[in-house]
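Protein chains in written order, with our numbering: chain A, 1 to 288; chain B, 1001 to 1245.
Read the hints as simulated data drawn from the structure, not as lab findings.
There could be a bad hint or two in this list.
What the hints assert, rightly or not - Pairs of lysine to any residue residues, derived as SDA-like cross-links and limited to a Cα-Cα distance of at most 20 Å, are as follows:
#, chain 1, residue 1, chain 2, residue 2
1, B, Lys1203, B, Leu1109
2, B, Lys1032, B, Arg1159
3, A, Lys5, B, Gly1137
4, A, Lys162, A, Met264
5, B, Lys1203, A, Asn135
6, B, Lys1203, A, Gly187
7, A, Lys5, B, Ala1134
8, B, Lys1203, A, Gly197
9, B, Lys1032, A, Arg212
10, A, Lys232, A, Ala276
11, B, Lys1069, A, Ile199
12, A, Lys66, B, Tyr1100
13, B, Lys1203, A, Ala190
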Amino acid sequence: MHPAKSIILFTTLSGLGFGLMAVFGLGLTAVSGLTALIFTLMALGLAGAGLLASLFHLGNPQRFVKALTQVRTSWLSREGVLSLLTMAAFGSYGGLLFLGIRLDLLGYLSSIFALATIFATAMIYAQLRTVPRWNSWLTPALFMAYAICGGLLLGAQLELAKWASLALFVLQIAHWMRGRTALTASGSSAETATGLGSIGTVRLLESPHTARNYVTTEMAFRVARARVGQLKLAVIVMMIAQSMLLFVFTANHMMAALVIALHMAMTLTSRWLFFAESEHVVSLYYNK
Amino acid sequence: MTSLPTQTERRLGLAIDLDTCVGCHACVISCKEWNTSQYGAPLSDTDPYGSDPGGTFLNRVHSFEITPKSAPPQVVHFPRSCLHCEDAPCVTVCPTGASYKRVEDGIVLVNESDCIGCGLCAWACPYGAREMDAVAGVMKKCTLCVDRIYNENLPEEDREPSCVRTCPAGARHFGDYADPDSNVSKLSAERGGIELMPELGTKPVNRYLPPRPRDQIDLLAPLLDVAPSNPTGVLGWVERMMERL
Chain A
1 MHPAKSIILF TTLSGLGFGL MAVFGLGLTA VSGLTALIFT LMALGLAGAG
51 LLASLFHLGN PQRFVKALTQ VRTSWLSREG VLSLLTMAAF GSYGGLLFLG
101 IRLDLLGYLS SIFALATIFA TAMIYAQLRT VPRWNSWLTP ALFMAYAICG
151 GLLLGAQLEL AKWASLALFV LQIAHWMRGR TALTASGSSA ETATGLGSIG
201 TVRLLESPHT ARNYVTTEMA FRVARARVGQ LKLAVIVMMI AQSMLLFVFT
251 ANHMMAALVI ALHMAMTLTS RWLFFAESEH VVSLYYNK
Chain B
1001 MTSLPTQTER RLGLAIDLDT CVGCHACVIS CKEWNTSQYG APLSDTDPYG
1051 SDPGGTFLNR VHSFEITPKS APPQVVHFPR SCLHCEDAPC VTVCPTGASY
1101 KRVEDGIVLV NESDCIGCGL CAWACPYGAR EMDAVAGVMK KCTLCVDRIY
1151 NENLPEEDRE PSCVRTCPAG ARHFGDYADP DSNVSKLSAE RGGIELMPEL
1201 GTKPVNRYLP PRPRDQIDLL APLLDVAPSN PTGVLGWVER MMERL
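Isolated chain A, as found in the complex (with noise of 0.2 Å):
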């Protein structure tokens, strides 16, 4: 799948504004005040920076609102929904922790929300039967690990966050090991695309078009092997270096700052593999 740049930061930076909402809104960051102001803030602009973001993505996104309408059956619409109410909730929750009235209900309330808006933004990709990678339950149970543990380390939740990001390590691992299988195991081929399979092995002899076009620029995208593995190396070694600062070190606000970092550094690059990786079954009928 094609890593559209607009995607990626949209689920990163959302992502990491719905954790610390769904932190924040738990109560487990005790602050008050103009500190409380700040952290709402962080959040819904985190938030908002990337459902702008993803506005780029779109044709026409002067319709956008259209999107809100299809609840009943879409995983996308549902996502535009819940995310306005979370951070509606979440904001009002924010705001009168800074005139000083705690309303622990509905901090759970957008809690709940937040963690129910990750979720759905994973099941867009996970309920892809097209993407055999991506057709899975640790496709939001990954999304959920990448966004509690960013929300924890903004939060300021370092002694959760060390459990989370081991947590994330293991889930991130098991995604990757079951995504290597997974295209085969999804039983499409090129004879069961072209239905010829009964009559013998099919091989591409002639491309429809000689130029490019929508289909295989969006979803028969292709990158070198090489390149994943030294990608993977990289996510990889960041989780570890983030795992043992956060295990080894004492917490501090430099510290913590070079951990929100890694983790940035670390969701991005794995969200690029997350797509960039990602093979869409219309590529068995480009021998792709």
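Please arrange chain B on chain A, whose structure you already have, making use of the hints.
Below, chain B alone, put in the same frame as chain A:
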């Protein structure tokens, strides 16, 4: 609404004969011609005469080489377009309700004034049947020429999809799969019509008629037999002498 109808009154679709298709791409061109000037936004081309040409098409013809276990490979031309699935995943993922499946005839369409161009339906389609138009920013797909098949301004013989009407080999057939006596239902039953990627559960309506088995008897074989005979007598002597030279 992006919920799928539980049942459609008719199941209009195509039967594509892979035995007959010669891979001329005439269906591709006639499809582009009709659909760029009728229903919805035109099918744009970007940089058509430059170094990086691209364009929107609703139909594409691949050529595949099939290699049986114990026979020479054969070439199969393979037109690929929307299969108007009964369980169309492109419809349910749509966040705006722009994608829908018609209850009356099962045609899957896009309401372009509602489409935000997010591309999720194209991701959900296993068959690459949807292409986002680079200029209009909306999703384009086969409409089964909905603006031809019911069009009373056209002569009756033209009231079928443009690709079917134009195919010089007669490899494309249009009809109602809900009617067991329709041309497409009969063809599909006779020829063992294929469903593409059935493992994905999309329940496509269109069927592909597989190439008929190739003759295994070579009519020319006896005439071209070059197996050495062992002539005797004078002829044999001449042949042995010639071999020595």
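Status of each hint after checking the structure:
In summary, the hint linking B:Lys1203 to B:Leu1109 is supported, as the alpha carbons are separated by about 17 Å, within the 20 Å threshold. Restraint check for B:Lys1032 and B:Arg1159: satisfied, since their Cα atoms lie roughly 17 Å apart, inside the 20 Å limit. Restraint check for A:Lys5 and B:Gly1137: the C-alpha separation of about 18 Å stays at or below 20 Å, so the hint holds. For a cut-off of 20 Å, the pair hint linking A:Lys162 to A:Met264 stands: about 16 Å separates their Cα positions.
Annotation: proposed proximity of B:Lys1203 to A:Asn135 holds, straight-line Cα distance about 19 Å (limit 20 Å). As the CA atoms of B:Lys1203 and A:Gly187 are separated by approximately 16 Å, the hinted pair is consistent with the 20 Å bound. Of the supplied pair hints, the one linking A:Lys5 and B:Ala1134 holds, its CA atoms being roughly 18 Å apart against a limit of 20 Å. With a C-alpha separation of about 18 Å, the suggested pairing of B:Lys1203 with A:Gly197 holds against the 20 Å cut-off.
For the given pair, B:Lys1032 sits about 17 Å from A:Arg212 by alpha-carbon distance, which is consistent with the 20 Å threshold. At roughly 12 Å between alpha-carbon atoms, A:Lys232 and A:Ala276 fall within 20 Å of each other, so this suggested pair holds. Proposed proximity of B:Lys1069 and A:Ile199 is supported: the alpha carbons are some 8 Å apart, at most 20 Å. About 15 Å separates the Cα atoms of A:Lys66 and B:Tyr1100, which keeps this hinted pair within 20 Å; it holds.
Of the pairs offered as hints, the one joining B:Lys1203 and A:Ala190 holds, with about 18 Å between alpha carbons and a cut-off of 20 Å not exceeded.
Taken one by one, the earlier hints all hold for this structure without exception.
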